[in-house]
Structures are given as C-alpha cells and as structure tokens.
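Starting from the known structure of chain A, fit chain B onto it as the hints suggest.
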Amino acid sequence: LAKTTQPISMDSYEGQEVNITCSHNNIATNDYITWYQQFPSQGPRFIIQGYKTKVTNEVASLFIPADRKSSTLSLPRVSLSDTAVYYCLVGNFDTGRRALTFGSGTRLQVQP
Amino acid sequence: EPEVTQTPSHQVTQMGQEVILRCVPISNHLYFYWYRQILGQKVEFLVSFYNNEISEKSEIFDDQFSVERPDGSNFTLKIRSTKLEDSAMYFCAGRTSGGANEQFFGPGTRLTVL
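Listed in order, the protein sequences are those of chains A and B.
Take the first sequence: its letter number 53 is residue 53 in our numbering, and every next letter is one higher.
Take the second sequence: its letter number 24 is residue 24 in our numbering, and every next letter is one higher.
No wet-lab data here; the hints were simulated from the structure.
If you're wondering where the values come from, they're calculated on a predicted model, not measured in any experiment.
We put the beta carbon where it would ideally sit given N, CA and C, even for glycine.
A portion of the hints provided could be inaccurate.
What the hints assert, rightly or not - Derived EDC-like pairs: lysine to aspartate or glutamate, alpha-carbon spacing no greater than 20 Å straight-line:
no., chain 1, residue 1, chain 2, residue 2
1, B, K78, B, E102
2, B, K83, B, E53
3, B, K57, B, D86
4, B, K78, B, E44
5, B, K83, B, E102
6, A, K3, B, E44
7, A, K52, B, E102
8, A, K52, A, D67
9, A, K54, B, E85
10, B, K78, B, E68
11, A, K3, B, E102
12, A, K54, A, D67
To be verified - Sample of chain A residues with no beta-carbon within 12 Å of chain B, all distances over it, derived:
no., residue
13, G15
14, V18
15, T101
16, P112
So that you can see chain B by itself, here it is in the shape it has in the complex:
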C-alpha cells in the first residue's frame, strides 16, 4: 500500500536557522497539506497546496514559512528563521480529488529548536 514519507524523522536546529522539511506524497494525490502538533496539543493546520499554489493558510503560516513542490514529487516546508516555539511534530498529508475528508498523513518530522 502506498504511503506518505517524510524526512528527516527528527531535526534539531538552533534558533534562527533555516530548516527544510521534506515529504513525498502518494503519487496520485492532488491536494497537499502541512499540519503541526506541539507536544501534548492539538493537530493544527498550517497550509494547503493545490495545482502548484497555496489554496489556504492558517494564521500560524506567516512570512517565515514557505512551501514548494519543485519537482512534482517532493513537497517541502521551509522555515526561514526558526523560533523556540516552532518545536513540534510536522505532518505532511495528501488526498485525491474526491476524498476530501480522507487525508493520508505521513509519519511526521519532529523539529526541535534549541
């Protein structure tokens, strides 16, 4: 069964550094998402992406964040200047055109900002 993959599984960085989180969605998916989950808290939506552009973003997704799907397979989330409060699990998800309520999540990247 195809799966969403994410790399790295764990990223440790210093405050102020740039990080890029990578995701390889399932090949027939058309809609892509990033969510994050701070330890012990809810899963929060960051951004959705369709047809090579952002469809929607939350208030969390400020100018420090950007997303890209450079080569038709990888889907990346970049944080330009990390803050302590960016420490969280970051999940990539995707879905087909018809399965709006059924999103397939990756295993996540644990980001630790020191």
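Pulled out of the complex, with its shape left as it was, chain A reads as follows:
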C-alpha cells in the first residue's frame, strides 16, 4: 500500500475554502485516491475518490496532478459542521488488500 502523508491539523473559518493536500509518492499504477471524513464518535464516511485530474461531487473536489504523487481535497465554503478528521487513502482495495488502511488523518477545526 502506498504510504500517505497529510498535515496533522488545520484551522479555518466558516465560509472559507479549505484545501488538504496528501502526498503519496509511491502510488502504484492501479491505485485510486480516496478520502474519508470522520466526525467524533462516528464511523468514517466516504467523501470522494479519483484516479487522475479532477473529480467533483456535491461535497468536495479532488485535484490530482499528472504525476499522481499528491492530491488535494478541496472543501468549498466550510461550515462548523465540517469540523472532522479527513483521511487520505491510496490503494486499489478491490484487487489488492481488501481492507481500508487509515492513517492519522488531518483534523480540521472550523471556527465561526
């Protein structure tokens, strides 16, 4: 599994755009980049997944440069309810190890 590195914590204010970058230098050709969100005392929740370029859904955007050695999760106009831990996972969990491997994540604190 590709090792990932992301900031331990970030602070933001309501209404701002937040970008969380994840480094994954040894990403394999068939690996996908997946982001999960976890609120306190809740299970992780899938946010978004991508392979290359840009992916957008109703929650976030994921930017992946051509070399795929990093990715950026972008949360537009955050609110207090976006305070959570965000995990970057890299792998192809269908063909490889089937369990998700979580790192320490990025703890995002949104302030009023």
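Leaving out everything else, chain B in the frame of chain A:
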C-alpha cells in the same frame, strides 16, 4: 437512504467476559468488515468477510475474536474473553462487489472493559 446499524451503541463488560457486537449491513452489500478505533488512535482493520467466510484478518484478530453471519442479515463480532485493551469503538462496514474503495460504516459500538 439505507444505513448500516449496530447494536448496542455502548457495551460495558467485565474483563474476561464474552461480548457479542451486532451489525445489520445494507442489504445489497456482499463484503463485510470489522474495524476498531481505540480512543484517540487510528481506525484499525480487524477482519473482512465474504461469501460466509473470512477473507482476511489482521494480527489483532486473534483466537479471542470470531465473526459470524448466521442468518443472512446480522453480522456479529464475538470477543470470547475481553481484556482491558479491547476497550474501543468497533465499527462494522460493508460494500458492494464493485465499490471496493467505498465502504459504508455503521455508527459504532463503544466497548468499555472494566
């Protein structure tokens, strides 16, 4: 929207006792997982289950642990003789056959071993 449910939400037990944690996955899911998260630490994989057998297990999942899907709907995790260090949140998760990277997690069971 269908959800994964887990019961109980909180279980308190004495060291050495057996506990059974229950999960009802989403009905069209085929792959099932148990993870745990000790307070303040990472989410850790325990075991995966497919086609009524264990697909993979971590080093945490020793002989004290077992899983079962007895009736096609419930998915259970049993800890035979609990230890203090088993205190954690236990999450059940599931996925369809095609959505490997997208797993749906339940709300968790908080296990406290005294």
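Hint by hint, here is what the structure shows:
{"no.": "1", "hint": "B/K78 to B/E102", "verdict": "violated (25 Å)"}
{"no.": "2", "hint": "B/K83 to B/E53", "verdict": "violated (25 Å)"}
{"no.": "3", "hint": "B/K57 to B/D86", "verdict": "holds (16 Å)"}
{"no.": "4", "hint": "B/K78 to B/E44", "verdict": "holds (17 Å)"}
{"no.": "5", "hint": "B/K83 to B/E102", "verdict": "violated (32 Å)"}
{"no.": "6", "hint": "A/K3 to B/E44", "verdict": "holds (15 Å)"}
{"no.": "7", "hint": "A/K52 to B/E102", "verdict": "holds (17 Å)"}
{"no.": "8", "hint": "A/K52 to A/D67", "verdict": "holds (9 Å)"}
{"no.": "9", "hint": "A/K54 to B/E85", "verdict": "violated (42 Å)"}
{"no.": "10", "hint": "B/K78 to B/E68", "verdict": "holds (8 Å)"}
{"no.": "11", "hint": "A/K3 to B/E102", "verdict": "holds (19 Å)"}
{"no.": "12", "hint": "A/K54 to A/D67", "verdict": "holds (13 Å)"}
{"no.": "13", "hint": "G15", "verdict": "holds (28 Å)"}
{"no.": "14", "hint": "V18", "verdict": "holds (22 Å)"}
{"no.": "15", "hint": "T101", "verdict": "violated (7 Å)"}
{"no.": "16", "hint": "P112", "verdict": "holds (25 Å)"}
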